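Take a look at the letters that make up each chain.
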Amino acid sequence: MIEKYDLHIKPLGDSALVVQFGKDVSEETHEKVMNFIQAIESNPFKGFLEAVPTYNTVTVFYNPLLVFHSYPKQHSVFETVYERVQNYATQHGEYVKEASNIVEIPVLYGGEFGPDLDLIAHRNQLRTEEVIQIHSERDYLVYMIGFAPGFPYVGGMDERIEAPRKENPRKSIPAGSVGIAGKQTGIYPFESPGGWQIIGRTPAELFLPERNPPTLIQPGDRLRFVPIDAEEYMKQLGGRKDDDQN
Amino acid sequence: MKTERLREIIHIVEEADVDVLHIEENGFKLYYEKNGAQPTMHQPSDHFKAKEAVHEEEHPSEEKSTHIESDDKREEIVSPMIGTFFSRPEPGADPYVQVGSTVTAGDTVCVLEAMKLMNEITASTTGEIVDMLVSDGDVIEYGQPLFTVRVGE
Amino acid sequence: MTIKIKHPGVQATIQDFGRIGAQKYGIVVSGAMDKMSLRIGNILVHNVEHEAGIEVMFYGTTFECTEDLLIAITGGDLQPEMDGNAVPMWRPIFMKEGSTLTFKGPKSGLLAYVAIAGGIDVPEEIGSKSTFSKARIGGYKGRALQTGDELAVGLLSDTQDKVMQSLQKLHTHPTWYVNATKVFAGKKSEKIRVLKGSEYELFSEKSQTAFTTGTYTLTPQADRMGYTFSGDALRLSTWEELLSEGVTYGTIQVPASGKPIVLMAERQTTGGYPRIGQVISADLPKLAQLQPNSQVTFEIVSIEEAEKELFRLEDFIEELKLGIYLKTTTGGMTQ
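These protein sequence lines are chains A, B and C, in that order.
Heads up, the final residue of the first sequence is numbered 246 in this note's numbering, and it's a clean run with no missing numbers.
Heads up, the final residue of the second sequence is numbered 399 in this note's numbering, and it's a clean run with no missing numbers.
Heads up, the final residue of the third sequence is numbered 734 in this note's numbering, and it's a clean run with no missing numbers.
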């Protein structure tokens, strides 16, 4: 444990380790996480495979055999990686913070695409227009991607539009659905079962396997929900289809 | 010795004007005969107790028995390779043959482990196993007798 | 060269070593459940070690080849048969044009691998040929194999061609095979070695004892994402809400049910349940090959021991590669 950086490193098996930066969900912790990722990816140690950020941690995956053959022998491969990882974590001051990439997510709110919008409005004693306005008037920081390819974990939703998960999760929620669960908002990249309150749907494709990176939203981005009408929704959906032909 | 290094050596021997190569160095043994294509090697391992080797032979069922002159005709099944002897396919299984078993030429009589490969050794003659000359886990040398067979019809 | 799927069986998918490098976008690693068996299969047919093969689960998978193939069947003994005759595993096999390969069902283990010389000619998506059905990427059209699917096979190298020809001339299968007991034994009960998980200390003393001394049974809730075990319920001393964190193959999570779930090849990239343990890499093949109702005990080992075991396996592979190389390429290949 390096107190100065509130850093804690622990093994995740024999081929990965977890670096923990603080215990809270905060933009400050997130910045440390992203700095670390930038440092390790721009100058990886031999045997490094990939780094996966979460709210307050980064999981570093490595090939133990490559590490073993690349560095002077120490007590264990874990210790070798541990030392290198410590260096990246303590160097972070040298890295300049990049401006967040803003990703606009067009959303058709309410109606059949947002069956729970009225419920959230009623529950929070708001008009549906107010829920839409509150949901779309601020940017949301993407802390991490998980659960499914391209599924963003974002923070910073206004507590005036909070709502608990559904008691009986739906068997199927269509891809592109925008929902609220507790203090969280998010988007389903794929059709899947789920308990989120669904307030709208985006025509945007979140998973783009032919592209690099293969997802529309990346850790560190800021999301901006942009209300659109049905006509615009159909237009963008059509545009996407054309785009797929390219 | 690393795979790449050994491949290099074999390649060099293939190219060179020699027929037989015999290296013995730090407990590592390599015997390579070009035209017969019979490399054997023996390398002690830090991690595994069993000693292994590998041996190539185009026709293993031939030339692996020697005749012993006696009244009832006996033959020995000899090892065509260096390897660790196992009388059964896996621990707990029945042995391939025991003393008293009748074998037909071509029957598997044991396996020899070399370089993590299990090599089925077959009888070269038909008859009755009258003696088993080695035990499970023994490291067998090239040409070492494994079984004595009373040759029958 | 083509492989025609006559019957998919319980589940057959194309898998390589999985997608590395895109987990931060939520892209699941996927890949072979028992990578060691796929790797050995590829070594036997002179493919690159991470080439994609067919992962056969349980039984019933049947395919025909419309051209001669050089293959190797490794992994669990699902009693493979070629044109009605038992076909031996863990060695290179000549599969004649028009032959049909089928799997009768497990004698031991759960997953068999068919490695095919030349590899399976499907496109790499996000750096891998592995099937990941949820995102419809990898494998054959992003899904498990179905009846009527036709798979193309890549071109053979000169070495592969020579090996196939010498096998064809042999008119029988090689009498040598890989000693696979070092990889997994396919037993009904296994000792699985684990490292303490990140939240191990948060579990009650009783639960820690149960985990390390008790017997856990693999339930039928077992698929490529995770294996759920039943046994003494595992509980935290006091409930703590945890933030999602990175997980990996072999992470043992415990949800509110108290039943440990071991995350497998097609796990999600992050998880939020407390982690009581982490299966060491060297024991993942053994774990993957467990049949439902198999019993396991978990034994805690140190990170040094986990690494040592991994290096032992690597030594085994190194020696095996040399042995196979000598067997199949120096002069008189194949007996």
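The hints are simulated quantities; they were obtained by calculation from the structure and are not laboratory data.
Note that this is a predicted model, so its numbers are computed, not measured.
Some hints here could point you the wrong way.
[Said to hold, decoys possible] Derived DSSO-like pairs (lysine-lysine); straight-line CA-CA distance at most 27 Å:
1. Lys-590/C x Lys-10/A
2. Lys-171/A x Lys-658/C
3. Lys-10/A x Lys-605/C
4. Lys-540/C x Lys-171/A
5. Lys-658/C x Lys-10/A
6. Lys-166/A x Lys-707/C
7. Lys-658/C x Lys-166/A
8. Lys-73/A x Lys-707/C
9. Lys-533/C x Lys-171/A
10. Lys-707/C x Lys-10/A
Agreement of Lys-171/A and Lys-658/C with the hint, judged by alpha carbon distance not exceeding 27 Å:
holds (24 Å)
Check whether the Cα positions of Lys-590/C and Lys-10/A lie no farther apart than 27 Å.
Holds, at roughly 24 Å.
Hint consistency between Lys-658/C and Lys-166/A [alpha-carbon to alpha-carbon, up to 27 Å]:
Holds: Lys-658/C and Lys-166/A sit about 24 Å apart, inside 27 Å.
Under the criterion that the straight-line Cα-Cα distance not exceed 27 Å, is the pair Lys-707/C, Lys-10/A satisfied?
holds (19 Å)
When you check the alpha-carbon spacing of Lys-540/C and Lys-171/A, does it fall within 27 Å?
holds (25 Å)
Can the restraint linking Lys-658/C and Lys-10/A be considered satisfied, given a maximum Cα separation of 27 Å?
holds (24 Å)
Taken at face value, is the distance from the CA of Lys-605/C to the CA of Lys-10/A at most 27 Å?
holds (24 Å)
Can the restraint linking Lys-73/A and Lys-707/C be considered satisfied, given a maximum Cα separation of 27 Å?
Given pair Lys-73/A, Lys-707/C holds - Cα atoms ~13 Å apart, limit 27 Å.
Pair hint outcome, Lys-533/C versus Lys-171/A [Cα-Cα no greater than 27 Å]
Judged against 27 Å, a Cα distance of about 15 Å means the pair holds.
With a cut-off of 27 Å on the C-alpha distance, tell me whether Lys-166/A and Lys-707/C pass.
violated (48 Å)
When the structure is compared with the earlier hints, a violation turns up for hint 6 alone.
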